[in-house]
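2 protein chains.
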Amino acid sequence: MAGHRLLVIGAGPAGLEAARGAADLGREVLLVEATGELGGTPYAHYATLTPHLKGTQDAMQNMLDGVKSHPAVDIRYNTRVVASEGEAGNFRVTLESSDGGRCVETVGAVVVATGFQHFDPGRETQLYGYYEFDDVITLVDAEHMMKEGKIVRPSNGEPPKQVAFIQCVGSRDRQIGNRWCSKVCCGIASKQSIEIKRMLPDAKVFIFYIDMRMYGFWEDQLYWKAQEEHKVNYVRGIVTEILKKGDKLLMKGEDTTMGRPVEVLMDLIILSVGMEPSKGTLEMAQVFNLPREDHGFLATVGEPLDTVTTPVPGIFVAGAAAGPKDIEDSVSMGGAAAAKAVSFLNRLWKSSA
Amino acid sequence: MAGHRLLVIGAGPAGLEAARGAADLGREVLLVEATGELGGTPYAHYATLTPHLKGTQDAMQNMLDGVKSHPAVDIRYNTRVVASEGEAGNFRVTLESSDGGRCVETVGAVVVATGFQHFDPGRETQLYGYYEFDDVITLVDAEHMMKEGKIVRPSNGEPPKQVAFIQCVGSRDRQIGNRWCSKVCCGIASKQSIEIKRMLPDAKVFIFYIDMRMYGFWEDQLYWKAQEEHKVNYVRGIVTEILKKGDKLLMKGEDTTMGRPVEVLMDLIILSVGMEPSKGTLEMAQVFNLPREDHGFLATVGEPLDTVTTPVPGIFVAGAAAGPKDIEDSVSMGGAAAAKAVSFLNRLWKSSA
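Residue numbers (this note's numbering), protein chains in the order written: chain A, 14 to 366; chain B, 14 to 366.
Hint data in this document are derived by calculation from the structure and do not stem from the laboratory. Among the clues, some could well be false.
Unchecked claim - Straight-line distance between alpha carbons at most 25 Å, and here's what the computed DSS-like set of lysine-lysine pairs gives:
#1 Lys81/B / Lys363/A
#2 Lys217/B / Lys292/B
#3 Lys160/A / Lys238/A
#4 Lys160/A / Lys174/A
#5 Lys261/B / Lys238/B
#6 Lys265/B / Lys363/A
#7 Lys265/A / Lys292/A
#8 Lys217/A / Lys238/A
#9 Lys363/B / Lys81/A
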């Protein structure tokens, strides 16, 4: 019966792990993905993964294949969940595909894995000139270039000689309204700085930061490695302004360790943009009446001792829909959500049998 | 048949979640715990949990009760796993209880959740005088006092007027051999600083740190709160020496933001000791022939896309046995390990049927 099925929404690392996990545990899974591709944000936008710098597509291939080839997983690409009625054991969800087709499916439980979107640096921080200067880009723009095996100044296609990362763009910032730390940007910037030095050994690379949040093994896998093997310069400080000077960018700020103002010419500036709840995550909050926690992500009950159970019976969350998460967090939560959703369905149908 | 069972080793947050998760999915679970109590390190040593500051015993009670009362979980207290032979589907493990009794049990798969131990600050860092001065204590010693609802100077039982935390003791330290960041100590010190200010509003509390690693929501839940509501002083700097001066402690170091030396008298100094693989984790590496990764924790395959699968078929890991983890990580991994271990057992017994 259709109410025995699990609906997984979003096919990034968290959703893929939840879908595969539940299918391996014997449940039929309906996996709904808004784009035409599995893999989510890392697969679509990141050339390599943190912390090991392996190519994302190769690294994730097994995960994708495992879900694609699983007989118990029914994948719907280019599809969004637009409405839901009923309750656990009998959610009737309306799916809408990008060509406008609609259908209603019945499922017993749901894992929401709709993830995050990157902070848009144009919205508030006009300060950094993202929409003004071609050579101010984001981490994601840099990954897109790296996917093509290069890193150049967008203004003229030349390799940059001086590159700066600015951390915490749209994170740890009350003025912008994003009070949280986005957790992964220190790691990603460090990873990218290593990649830039590998491609352009003579370039000087700077990372301007408040705190380098390289927890766990990232400390030596990325942070020490960037400094010791690749001579990346970490500068604790604040960047206050970016101006155009000739064909370069003049970065003004303060080195808070040295206690002195900094004015340096850069060829390329990369903004380490943080995480916000994605459009899909906000939509799912509405569709399923899921409360959002203080920061706007989906609320869970019982944290830190339960990371995946929402206050709505039968609905679970995995990955960055619930807050800033790294890939490890997302896949662990995907597996945990699979376990909880499947035992929820097992209990439900046993008790009604 | 006994080979259908799952063995979970260690009953901290990761092991409890793995045991409960697998039992809820219909498997019989043998849960082996070296002490006489469930709950692991947080329950045994921490008065309150990060980040919400709720009492650990209350917060964890449901989790403990769920496992204790589960008909499919067979708990063995005061018991260690001392040997294993055979392989997936037919591990014959020797259990030894603290009274010396031995028995052999057959299980089909294993989740190792033997966790971490706190770095012992006496071993190398005699510098900080942990074994020399009564009023130099660790985070754990502070929690033990907080369990009794107080925070005092061990030397004289008086409440301290000046308290300092020193971060990264036994973490991020190549000389000591612990190159990793222990991930949770910034959060725990900030939590404790709030609790100290609640108990002793007139005390001055300082946290000396390299980087404040308050990822995700800890940023405003703990770090901003400590500063704004409780006037905790965060000092970026290095503490080089602690000396006895009268009945106080003279702390010498450098404030790297202000670029000047610091010499302050303290009544109580709390060392934020990091995580190391526990004795049990090292024992399980031997018993089950599990490879250890570069830092000495249990190795997993496929990270960051798989956090719980070890290279030995049928053996999974959850929580801080695999590296520095917070409680969220541990319970997510516990759930993920349950899902993977149960589907592993299901596949195994289906294919041999």
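Hints and how they fare:
1. Lys81/B / Lys363/A: Distance of about 22 Å is within 25 Å: holds.
2. Lys217/B / Lys292/B: violated (37 Å)
3. Lys160/A / Lys238/A: With a Cα-Cα distance of about 22 Å, the restraint between Lys160/A and Lys238/A holds, given a limit of 25 Å.
4. Lys160/A / Lys174/A: holds (20 Å)
5. Lys261/B / Lys238/B: violated (29 Å)
6. Lys265/B / Lys363/A: This hinted pair is violated, its Cα atoms lying about 65 Å apart.
7. Lys265/A / Lys292/A: violated (34 Å)
8. Lys217/A / Lys238/A: holds (16 Å)
9. Lys363/B / Lys81/A: holds (22 Å)
Of the hints listed earlier, those the structure fails to meet are numbers 2, 5, 6, 7, in rising order.
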